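Student: Sequence:
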Amino acid sequence: MKRYVLVCCILKAFSVLCQDPTSDNVTLPSSSLFTSQELPQTPESITQPISTTTPSSTTLSPSMTDLPNTSMGSTPEVTLDTQVQCNYTFKSSPDNQTSKETVCVCPDAFISTRNLTCVKETDLAPTNITLAATKTQLNVTWAYKYLSPGKIHSNLITNISGNTSMDDTNLTFLSRSSSVPGQRISITITPVLNGEPITLSAASVFTAFKPAMPGTLIIPVGGYNTPNATILWNKSDGHVDEYQIHMTPLCPTGVSTEKFLSNIANVSVTGLKHGRKYRLSITAVSGNVTSDTRNITSITTNDIVPDPPKNVTILPSIQTTSVRLAIEPDSDVECSTIYYEATVLFRIYDDEEFEVYLKRNISVKQTNLTIDNLVPGAMYILKIFTKNRDFTSEDNFTTMFRTAESAPGNIQNIRTVNKNESSVHVRFDRPSKPNGEITGYVLRISSTSQRSQAIVMNLTADFDCSRVQSLQIQGHNGTYEDRSCTTVYYDASLEFVVRGLLPFTEYMLTVRAHNNVGAGPQRSENVTTNIGEPHTPDKVNISNIGSNEVTVSWAYGRRTGPTNFSLYITDEILSRSEIQTCSEAQLLPSTSCKASQLKAYWKYSFVVIAKTAVSSAWSSSSETITTSPSRPGSVRNLAVEKQSGDDCTEDVYGVKWTEPQRKERHGLISKYVIKSSLPNHHHMSKPTSTTISNVYEDTETQYTVLFAKAGSTRKIFTVSVMSIIADHKLKSDKRTVTIQIPMCSPGMSGAVTAGVIILVLTCIIVITTLLGLLYKWNMYPCLGQSRTISPRRVTSGASRHIRKKRPFILRNVKQLVDRMKNDSGRLLLLEWSDLNLLTERYPTDIATLPINTPKNRYNNILPYDRSRVKLCGGGNDYINANYIPGFKFEREYIACQGPLPGTIEDFWQMVWEQDVPLIVMLTRCKEGNTVKCEQYWPENLHESETYGAVEVTRTAVEPNDEYVYSEFTIASADHEKTIKHFHFLEWPDFGAEVDCNVFLDFLFKVKGEIHDDLIGPIVVHCSAGVGRTGTYLAIEYLTEFVRTHNLSNEFDIFQYVLKLRQHRNCMVQAKEQYLFIHECLRELVNRQTTVENLSNDGLQMPSEEEYSEQLFGASNGSIEMCNPEDKLMIEEDNDSDNCHAVGHENPSMTTEL
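Note that the sequence shown covers residues -18 to -1, 1 to 1135 in mature numbering (1 follows the signal peptide of the UniProt record, and there is no 0).
Be aware that one or more of the hints could be misleading.
[As the list claims (entries may be wrong)] Using 16 Å as the maximum straight-line C-alpha spacing, the simulated EDC-like pairs for lysine to aspartate or glutamate come out as follows: (1) Lys347 to Glu323; (2) Lys341 to Asp354; (3) Lys870 to Glu1022; (4) Lys415 to Glu387; (5) Lys585 to Glu646; (6) Lys852 to Glu895; (7) Lys987 to Glu940; (8) Lys369 to Asp289; (9) Lys691 to Asp629; (10) Lys217 to Asp274; (11) Lys959 to Glu933; (12) Lys837 to Glu940; (13) Lys786 to Asp827; (14) Lys241 to Asp219; (15) Lys645 to Glu554; (16) Lys255 to Asp274; (17) Lys581 to Glu531; (18) Lys365 to Asp332; (19) Lys987 to Glu1022; (20) Lys870 to Asp994; (21) Lys341 to Glu323; (22) Lys127 to Glu103; (23) Lys645 to Glu682; (24) Lys989 to Glu1022; (25) Lys638 to Glu682; (26) Lys987 to Asp943.
I should point out that these hints are in silico values taken from the structure, not numbers from a laboratory. Quantities reported herein were computed from a predicted structural model and do not represent experimental measurements.
When you get a sec, could you build the whole thing from the sequences and use the hints?
Tutor: Following this line, the structure appears as structure tokens:
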């Protein structure tokens, strides 16, 4: 039995040794003592060993792929000790069963593992150690081969502090952080079994955090010198063991990279070349870990002062406008930073200083250079420097050359600097491009209107007047005279003086320059000699003697310029004299003139006056002549004459009269013829007492003829009397009187007869008076109104038959004005009516808003919405004003009403916002007792008033007879502007007259202040801003049209006024204003006609600046004044359907016309 038990125990013990290590009953009480029921488990986490010699075999997470990896050694072969000592013990169970237990012990330096084996302590070192480090984070992993997790721990020692994360479950991971990039790290991992460290199996590793990228490059103050330079940069953050620096030249290509090491943030490099570019890279190293690389695209070394260019050669055959150069290239062309700078200086004349003609940069690779666009025959200095980015060569290549010559260019600025009636001083500037050396000048002068030999003058190049070859030729006045010169050596301006010329004659001056090649082009200038003193007319003769005019002729010498001829006519009877103009200024002298408006059979003598702009000359008096007789004047004071007798049968009736006045006799009246309407009554004649000796006496001779007696019937008959000049068969108009002879009975006294006659005459007077009163009463209403007609009211179909265009030729405006005035102005009235019928109306909705009606001076003068001026600022933008197109611009003017007390601020706001440079005011502020416009400016000089946001200061005032000129400074928001103000005083609203010359003088004063640099519109206003304002704008437009057009062109005032009314209601408000526009145009045409006559006669045309002053000024005596009827009468029209309707004012005014 005991033997059986022992065998069983042995077999059981053996079976234990063969038991599966993964049995759940295995336990391991200690490292060196275990039982068959305590066997260790194989760790599940150990899948395969990782060799430390092949870091790349370590499996890494995706976030660690850029970090360095480190692993420690491969797993060694397991060494088992066969000397395992096992002891057996028996243990009783509660059920009295006995079991056998085996206890085994490993020797020293061994650790018991699974399957009852023992492993050396050194074989338990951690395996597959992996390191992953960034700049601030470290991850460590490892594994154990023989011991399962939970049975073994790890003890780690590092040289850094920070947060630590370690997996106590599998003891295979450590994470630790640091704030120092590049810091070096040492780690020791010691296994711990049953609380006991296994020091023999400890493993140590070394690494570092990733260093930070090196900082930016520090450029030295003086740059990088050569050949040795120091490269500096900002050091990396954290720890760095060393820096690796690589430098690669960018030029030439293919050069190897040089490597430099430094343990500080700078390095000294050698072998650099000046003016070259290098590529640079810097990397920080800590341990065996490198940072990201700092790459610098290029650095450039400093330049040095270059050498001057070598072997520059001017190639032969210099051209007129170009020269070719050859330059030896630089030896190091490929990488050189130098280039050439060519500076070309030149001068045209030897007395001038050299000046820079051009500068050009030349590449060192360019060996041939052409400099073109040169001036022929000029002297040049060529300087070539070598340059780089910082320096210019101290020396340069310099040479001088002259381009080939060509024919000279035009002489410059030929002009007349002084002249009189017989000589001119011609000055000109030498050619700007002589194209060589000038050898001389040739001047030719010839008359443009007369056939005469040209004067030729040569001026030598040395400007020595003694060598001038003056050609003596026969002058126009029949004498020989020298032509001389006045010049200065090498002066830019040259001068010829030519004498012996005719007065007021146009000559053509031609000057050309010469050089060694030939003559240049000629430059011409026309010059007219001055007007000379007139000759004295002589041989005055009177012919073609008529009753009211005669022909006066005279002899006159050669012309001296435009000459006015007039007659000094002396009335030898009354000893009175008057001057009668024969003609306007004429270029060719006239030799005859008609003296008109003479009295018939009157005695006159004549003196001829020749007048130029210089002086006048009077002829001697002619013989006294008597004009021819003409129809005599009628008798005067013809009346019934009665000679009473004692009885009516003795009364004799007839007529009496007074002879014509002396100036109306028109001849020697020989008799008077008396005719009556009595039956069988023959003509009677009454001889006069006038004789040749007393025909010119101022007598009052009366004549009486009695020829009829009373009879038994009443007689009524007419008697006529005529004056007769028998020698010439001339008779006067009849003068007639009615004679009534009452019936005569014998015994009827003369007193009774006289009483009857008086009664009859009294009845005639009463009847005539009654008829006159009736006529007056019928016509009185018409006489109380202005002579206008109401517009014809037509349907739209009828209005199409009214002509909308009525052009006329400018030269014919006088005839048009005459037709308008004829027939009591019938044509004017009809045209004015048509104008009102064709006037178009446009919406005025904004003006009629309740908020805006108080801003209107008159309720029928409202601005059209389509053209109204709008105020800025975001508030109410309404003001009673419209844009009006002018001759040059679409919005050249603003027409507006005179400001009201409540709209002055709006007015100045408009002036400020529209950049108005000038204001024209055509009304007085108060006319009579009616306020026409509020005064919107300070009264006193240098006084300031603020209107809204605009401060107005009156800075200047100049009163005149017809207008007041002022200047204002307006300021707003720290900005200032100057405004010019013209206030016309001579155009009252009702019953006033405006002289057209006064008005035109004023208009041209205004235009004289309008310049091209003015940018804003001009404000024109009166009271309502339509009548006088529209008239002013129309005439202003006409002045520009006449000035810029020929008088054969057409213009249509009718159409233009219609166009004005398309922009503002009721422009040109009265027919008198419409007529006044025509009158002013007539005056403008007269003035323009004078200009054209002067031009056609060879006079030099005035400049644009002189145009207004010389030809449109009131002081020009050659311009006729307007006729008295050419004045503007302003009358009121009460038609309510057109522009003349009387508006309801604010508060109570009448519409301005």
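Student: If a hint holds in the structure, say so; if it does not, say that too.
Tutor: These are the hints, each one checked on the structure:
no.: 1; hint: Lys347 to Glu323; in the structure: 13 Å, holds
no.: 2; hint: Lys341 to Asp354; in the structure: 12 Å, holds
no.: 3; hint: Lys870 to Glu1022; in the structure: 9 Å, holds
no.: 4; hint: Lys415 to Glu387; in the structure: 11 Å, holds
no.: 5; hint: Lys585 to Glu646; in the structure: 14 Å, holds
no.: 6; hint: Lys852 to Glu895; in the structure: 10 Å, holds
no.: 7; hint: Lys987 to Glu940; in the structure: 13 Å, holds
no.: 8; hint: Lys369 to Asp289; in the structure: 9 Å, holds
no.: 9; hint: Lys691 to Asp629; in the structure: 11 Å, holds
no.: 10; hint: Lys217 to Asp274; in the structure: 13 Å, holds
no.: 11; hint: Lys959 to Glu933; in the structure: 10 Å, holds
no.: 12; hint: Lys837 to Glu940; in the structure: 31 Å, violated
no.: 13; hint: Lys786 to Asp827; in the structure: 28 Å, violated
no.: 14; hint: Lys241 to Asp219; in the structure: 23 Å, violated
no.: 15; hint: Lys645 to Glu554; in the structure: 13 Å, holds
no.: 16; hint: Lys255 to Asp274; in the structure: 29 Å, violated
no.: 17; hint: Lys581 to Glu531; in the structure: 8 Å, holds
no.: 18; hint: Lys365 to Asp332; in the structure: 19 Å, violated
no.: 19; hint: Lys987 to Glu1022; in the structure: 14 Å, holds
no.: 20; hint: Lys870 to Asp994; in the structure: 11 Å, holds
no.: 21; hint: Lys341 to Glu323; in the structure: 7 Å, holds
no.: 22; hint: Lys127 to Glu103; in the structure: 12 Å, holds
no.: 23; hint: Lys645 to Glu682; in the structure: 12 Å, holds
no.: 24; hint: Lys989 to Glu1022; in the structure: 10 Å, holds
no.: 25; hint: Lys638 to Glu682; in the structure: 13 Å, holds
no.: 26; hint: Lys987 to Asp943; in the structure: 13 Å, holds
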